[in-house]
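K.L.:
Assemble the dimeric complex from its two separately framed chains, guided by the hints.
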Amino acid sequence: MEFPANLRYTKEHEWARQEGNRVVVGITDYAQKELGDVVFVELPEVGTTIAAMDTFGVVESVKAVSDLYAPVSGIVVEANTVLEDQPELVNASPYGQGWMVVIEVTHLEELQQLLTATEYQAYVAQEKSSR
Amino acid sequence: MQPLWRFINTGAGDAAGNMALDEALLLLHEAHTAPPTLRVYGWCQPTLSLGYAQNARQEVDLAACQAQGVAVVRRPTGGRAVLHDQEVTYSVVMPLVLPDGPHTITEHSRRIGMALAAALQALGLPVRLARPQVRAVPARALASPACFAALSRYELSVAGKKLVGSAQKRAQRALLQHGSIPLWMDRQRLFQCLQVPPERRAALVQEAYTTMGAVNEMAPTPVTLATVHDALRQGFRTTFGIELVEMPISPEEWRLAHHLQATKYATDAWNLDGTAVWRHRQRSMPSL
Numbered sequence: 027m028e029f030p031a032n033l034r035y036t037k038e039h040e041w042a043r044q045e046g047n048r049v050v051v052g053i054t055d056y057a058q059k060e061l062g063d064v065v066f067v068e069l070p071e072v073g074t075t076i077a078a079m080d081t082f083g084v085v086e087s088v089k090a091v092s093d094l095y096a097p098v099s100g101i102v103v104e105a106n107t108v109l110e111d112q113p114e115l116v117n118a119s120p121y122g123q124g125w126m127v128v129i130e131v132t133h134l135e136e137l138q139q140l141l142t143a144t145e146y147q148a149y150v151a152q153e154k155s156s157r
Numbered sequence: 003m004q005p006l007w008r009f010i011n012t013g014a015g016d017a018a019g020n021m022a023l024d025e026a027l028l029l030l031h032e033a034h035t036a037p038p039t040l041r042v043y044g045w046c047q048p049t050l051s052l053g054y055a056q057n058a059r060q061e062v063d064l065a066a067c068q069a070q071g072v073a074v075v076r077r078p079t080g081g082r083a084v085l086h087d088q089e090v091t092y093s094v095v096m097p098l099v100l101p102d103g104p105h106t107i108t109e110h111s112r113r114i115g116m117a118l119a120a121a122l123q124a125l126g127l128p129v130r131l132a133r134p135q136v137r138a139v140p141a142r143a144l145a146s147p148a149c150f151a152a153l154s155r156y157e158l159s160v161a162g163k164k165l166v167g168s169a170q171k172r173a174q175r176a177l178l179q180h181g182s183i184p185l186w187m188d189r190q191r192l193f194q195c196l197q198v199p200p201e202r203r204a205a206l207v208q209e210a211y212t213t214m215g216a217v218n219e220m221a222p223t224p225v226t227l228a229t230v231h232d233a234l235r236q237g238f239r240t241t242f243g244i245e246l247v248e249m250p251i252s253p254e255e256w257r258l259a260h261h262l263q264a265t266k267y268a269t270d271a272w273n274l275d276g277t278a279v280w281r282h283r284q285r286s287m288p289s290l
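If you read the protein sequences in the order shown, they are chains A and B.
So the mapping is simple: this note's numbering equals the position in the first sequence, first residue as 1, plus 26.
So the mapping is simple: this note's numbering equals the position in the second sequence, first residue as 1, plus 2.
Some clues are possibly wrong.
[Stated by the list, open to error] To list a few chain B residues with every Cβ distance to chain A over 10 Å, as calculated:
id: 1; residue: G19
id: 2; residue: P38
id: 3; residue: H105
id: 4; residue: E209
id: 5; residue: T213
id: 6; residue: G243
id: 7; residue: E245
id: 8; residue: W256
[As the list claims (entries may be wrong)] Pairwise CB distance ranges (calculated):
id: 9; chain 1: A; residue 1: A77; chain 2: B; residue 2: G243; range: 35 to 43 Å
id: 10; chain 1: A; residue 1: T81; chain 2: B; residue 2: L64; range: 25 to 33 Å
id: 11; chain 1: B; residue 1: G243; chain 2: A; residue 2: L134; range: 39 to 47 Å
id: 12; chain 1: B; residue 1: P253; chain 2: A; residue 2: T144; range: 16 to 24 Å
id: 13; chain 1: B; residue 1: A14; chain 2: A; residue 2: A148; range: 17 to 25 Å
id: 14; chain 1: B; residue 1: Q284; chain 2: A; residue 2: N47; range: 41 to 49 Å
id: 15; chain 1: B; residue 1: A14; chain 2: A; residue 2: E45; range: 50 to 58 Å
id: 16; chain 1: B; residue 1: S252; chain 2: A; residue 2: V108; range: 41 to 49 Å
id: 17; chain 1: A; residue 1: M27; chain 2: B; residue 2: T226; range: 44 to 52 Å
No lab work stands behind these hints: they were computed from the structure.
Glycine included, every Cβ here is placed at the ideal spot set by N, Cα and C.
Excised from the complex, chain B in its bound form (with noise of 0.2 Å):
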């Protein structure tokens, strides 16, 4: 019989909301109260999300985000900053020991960016997985604020745009790997939120064009919400032989995400001070 996973669409919801709900899926099922999930989701208002490690007060331009109606939360997983609007959010929750397979990091990513690629052609889009890469210079001095901005191993790009950003946490026997696939993508609104030199946005704007990619931009007829969930949901059925069932996000799923929304991402200590200050705050609040 072949593994069965919930599949689920939550629909649009806020910033710390869908953050929070990606969390208490990732704990749960890490507590093995939760079975194995893929969601898709959306979001309420034009949100950037920020990476577990970015300074936020640094790397922002919060002034213009709020300016522009763009909320601004810190995820759970690494990476660079992501500015979610027209587009599809997946994520998935699995054990880190898969039932066919080496269960390292490179086959976790590998296999996602497999799933993820599948569903994608599905739409007519040519896409390749980039390889992983040994470099010279450390990862850290080329890391531009945006996501969107570089390629990671097994992240997916059609005629060298990047298509999907995607970021992972690994707890200790389950990961989280949540993603934004955009329909369309807003490149000036994008530099607009992020502190770059005045002087250099427009060329980011511009260079942006070449290197980060959008699904309608490129797919040979118009691809909506719906197809790319029905896309997502075949890709990760036949690449990991799974069962994907619509089931409901459980009340207990519910109840702890909405402690993790009120005591962490909507907070301005996790989303704006960093991890660093909010845990400080979280050990010195008197317990209940």
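If we strip away everything but chain A, and leave its shape as in the complex, we get (with noise of 0.2 Å):
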């Protein structure tokens, strides 16, 4: 299971990786292994004004929709479109062309308060284990 060091994520399963003052944003390697087989991805329009941890759309897995919640502030700028004929590229790639939306990030500090790469995995392996 890949945790890439380069990216930040939410308790939620998604990850988010700065560009410049934009963050792109998808769910993680390993949501998508959780999930099983993605059948359908909702994603907000362009142009779309979210707050940290509002949901921003949905991802259905073989019975089972989850929200999906945005990491940090800001205006969708983009949305990855090819997800609604290939929402099966979250499962293959869920870092690379699986990604969801680009969010112009209007507080860039909210970055810093999502988990790293070892804090997440670490959530992980807790979330695996508890007893």
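P.N.:
If you want it as structure tokens, here you go:
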């Protein structure tokens, strides 16, 4: 399972990659494995304003619809419409072709509040083994 | 002390009201103002419920549904079409974090599957839990419009026939899973409600006799609604190690359910046009 070190993460299993004042967002390798085959992705329209931890869309896998949570606040400037026809890219390439939205960030400091790769990996380990 | 969950039998409701109440229970549990809940209910009229992302106008024969008195509603959960008629419908709203186990999607599905299996085994049905599968072909390519046509992980079958069709919605802190436990099944009517090539309809109905099951087609003795309710209650109690106490739906939950019914589940935009159209119309409506 991959946890790229250059990304930040939410406890809801989204990743965020900073590119200047923009952030690319998707769901993690762990999340796609847990969800199983992704059959549908619903993303916001370009121009939508979202606040950190607002739901920005949904992903449907075999029998579960899961909300997607924005890691940062800002305006959606791109949405990966390829996923409408090829939702399976989320499984095949969660950190690459399976990206979901690009957000123009209003408060870059929000990124620092997200989990690092090491912290996220530890969180996942805890989620899987909690007793 | 064992965690306390609510048990509620809301009886037969209409299509929009049933879905609205399930979503209200999820939203208010998510907001920490409602307890975890196991709800059982029925339907005032036969109802075809669709998965969140299904295309109603392409997959449902709306004229046939109307002619047969079958209501159509879109669920907040995933999955495929289910014809609800002579059945027990269950819904469970629970926290994602369980006190006694991993809080992963797989574990939630497995635990709920085990609770349902315990209930049906108590009715004398030798049910099996479907195991997670790895497929070479994308699930989308295999999809039939009918939920009961395919077994997903941790769903229940007897002698290869799917016996419970379930679907789930996951929020930040809580999940809703609801599902259909048919006592009897009208396969003919199911495929009349769906857009399938007319020349294939008879074959699909025939096939459904080997892939879809109903409790009273398989149970050793006739089973009533009340027996299934009791068995479900016992199955969840023992599997989750909880106390299930009968408590009413609160006024706040009813208020939210009525709001969701009026603005979402009773609208053609949500049920027929799809979630994207409904969302767009919601945004363009003046706020109160």
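K.L.:
The structure should be examined with respect to each hint, and the outcome stated for every one.
P.N.:
Results for each hint:
Separation of G19 (chain B) from chain A is adequate, the least Cβ-Cβ distance of about 20 Å exceeding the 10 Å criterion. With a minimum CB-CB distance of about 17 Å to chain A, P38 (chain B) clears the 10 Å threshold, and the non-interface call stands. Annotated as non-interface, H105 (chain B) brings its C-beta within 10 Å of a C-beta of chain A; the closest such distance is 6 Å. No Cβ of chain A approaches the Cβ of E209 (chain B) within 10 Å, the least distance being about 21 Å, so the stated non-interface status holds.
Against the 10 Å criterion, T213 (chain B) stays outside the reach of chain A, whose nearest CB is about 16 Å from its own CB. No beta-carbon of chain A comes within 10 Å of the beta-carbon of G243 (chain B); the shortest separation is about 13 Å. Chain A leaves E245 (chain B) outside its interface by the beta-carbon criterion, the shortest separation being 21 Å against a cut-off of 10 Å. The Cβ of W256 (chain B) sits about 24 Å from the closest Cβ of chain A, beyond the 10 Å cut-off, so the non-interface label holds.
Look at A77 (chain A) against G243 (chain B): about 38 Å separates their beta carbons, and that is inside 35 to 43 Å. Checked against the hint of 25 to 33 Å, the pair T81 (chain A) and L64 (chain B) passes, with Cβ atoms roughly 30 Å apart. G243 (chain B) and L134 (chain A) have their C-beta atoms about 45 Å apart, which keeps the hinted 39 to 47 Å range intact. Separation of P253 (chain B) from T144 (chain A) is about 47 Å and departs from the stated range, judged on CB atoms against 16 to 24 Å.
Taking 17 to 25 Å as the suggested C-beta distance range, the pair A14 (chain B) and A148 (chain A) does not conform, at roughly 48 Å. As the Cβ distance of Q284 (chain B) to N47 (chain A) is approximately 30 Å, the hint placing it in 41 to 49 Å is violated. Between A14 (chain B) and E45 (chain A), the C-beta spacing of about 54 Å keeps the proposed range 50 to 58 Å intact. Distance hint check for S252 (chain B) and V108 (chain A): the Cβ-Cβ separation is about 44 Å, which falls inside the suggested range of 41 to 49 Å.
For the pair M27 (chain A) and T226 (chain B), the supplied restraint of 44 to 52 Å holds, since their beta-carbon distance comes to about 47 Å.
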